[in-house]
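Colleague: Quick mapping for you: the protein sequence lines, in order, are chains A and B.
At position 11 of the first sequence (counting the first as 1) the number is 11 in the working numbering, and the numbers step up by one without a gap.
At position 23 of the second sequence (counting the first as 1) the number is 115 in the working numbering, and the numbers step up by one without a gap.
Think of the hints as simulated: they come from the structure by calculation, not from any bench.
Predicted model, so just to flag it, every value in this text is computed and none were measured.
Worth double-checking, as some hints may not be accurate.
[As the list claims (entries may be wrong)] Here are the simulated DSS-like cross-link-like pairs (lysine-lysine), alpha carbons at most 30 Å apart as the crow flies: (1) Lys151/B with Lys59/A; (2) Lys178/B with Lys81/A; (3) Lys151/B with Lys72/A; (4) Lys151/B with Lys164/B; (5) Lys173/B with Lys65/A.
[Unchecked claim] Derived Cβ-Cβ restraints for the label pairs, each shown as a range: (6) Ser119/B with Phe28/A: 56 to 62 Å; (7) Arg19/A with Glu161/B: 38 to 44 Å; (8) Glu58/A with Tyr114/B: 52 to 58 Å; (9) Glu143/B with Val76/A: 36 to 42 Å; (10) Met129/B with Met46/A: 56 to 62 Å; (11) Glu36/A with Lys164/B: 33 to 39 Å.
All residues carry an ideal CB built from backbone N, CA and C; glycine is no exception.
Number of protein chains: 2
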Amino acid sequence: MEIAAGILEIAKNGSRKTRIMYLGNLSFDLLQKYLEMLVNLGLLEMRNGKETIYVATEKGREFLKDFDELQKHSEVVEAKKRTLEKSLSAEQ
Amino acid sequence: MEIAAGILEIAKNGSRKTRIMYLGNLSFDLLQKYLEMLVNLGLLEMRNGKETIYVATEKGREFLKDFDELQKHSEVVEAKKRTLEKSLSAEQ
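Just chain A, same shape as in the assembly (with noise of 0.2 Å):
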């Protein structure tokens, strides 16, 4: 899930495959099985012109979207729960 919100991080606003590639630090082998899982699942698409350019699509968007909130909420957990082990913890 990481992987694939990083990719489409990158590709926001569409990108060639080597600048994915060194930007989401990802092997050639990696990248290309994500790249094609992203398409088939139509989080991505492939632009092709001069050069072939990956562009999220909405539903990628949105899945990125859904995931900074999930980030967002998971922070929220993590600095709750520091503060109720704070409570619990004797070296207050």
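Take the given structure of chain A and dock chain B to it, following the hints.
Modeller: Same frame as chain A, now just chain B:
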């Protein structure tokens, strides 16, 4: 953390030890250990009258509030995860 929150929830408006034990589904030894800890941490207080009553302190109520928020945000996180996993599964 869950056990502490469970005890504080039961004792929010005051409760005898036996009631906390059966509503919390706790063994006597475990309950004893937790009651002592929560009193020492200032989350719970003992009130001695005809019967001894345990009541959540202001700090204990704050703990409960934070715990409720933790639960709510955790539910959002889980729901978002399911949505995202569904987008990444072939059988959508």
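Colleague: Decide, hint by hint, whether the structure agrees.
Modeller: Status of each hint after checking the structure:
1. Lys151/B with Lys59/A: violated (45 Å)
2. Lys178/B with Lys81/A: The given pair, whose Cα atoms are some 27 Å apart, holds under the 30 Å limit.
3. Lys151/B with Lys72/A: Holds. Lys151/B to Lys72/A sits at ~26 Å (cutoff 30 Å).
4. Lys151/B with Lys164/B: Holds. Lys151/B to Lys164/B sits at ~20 Å (cutoff 30 Å).
5. Lys173/B with Lys65/A: Between Lys173/B and Lys65/A the Cα gap is close to 12 Å, so the pair holds against 30 Å.
6. Ser119/B with Phe28/A: 56 to 62 Å: holds (57 Å)
7. Arg19/A with Glu161/B: 38 to 44 Å: holds (40 Å)
8. Glu58/A with Tyr114/B: 52 to 58 Å: holds (54 Å)
9. Glu143/B with Val76/A: 36 to 42 Å: The hint (36 to 42 Å, Cβ to Cβ) holds, given that Glu143/B and Val76/A are roughly 40 Å apart.
10. Met129/B with Met46/A: 56 to 62 Å: Between Met129/B and Met46/A, where Cβ atoms are some 59 Å apart, the hint holds.
11. Glu36/A with Lys164/B: 33 to 39 Å: Roughly 38 Å apart at Cβ, these two residues keep to the hinted range, so it holds.
In this structure, the one hint that does not hold is number 1.
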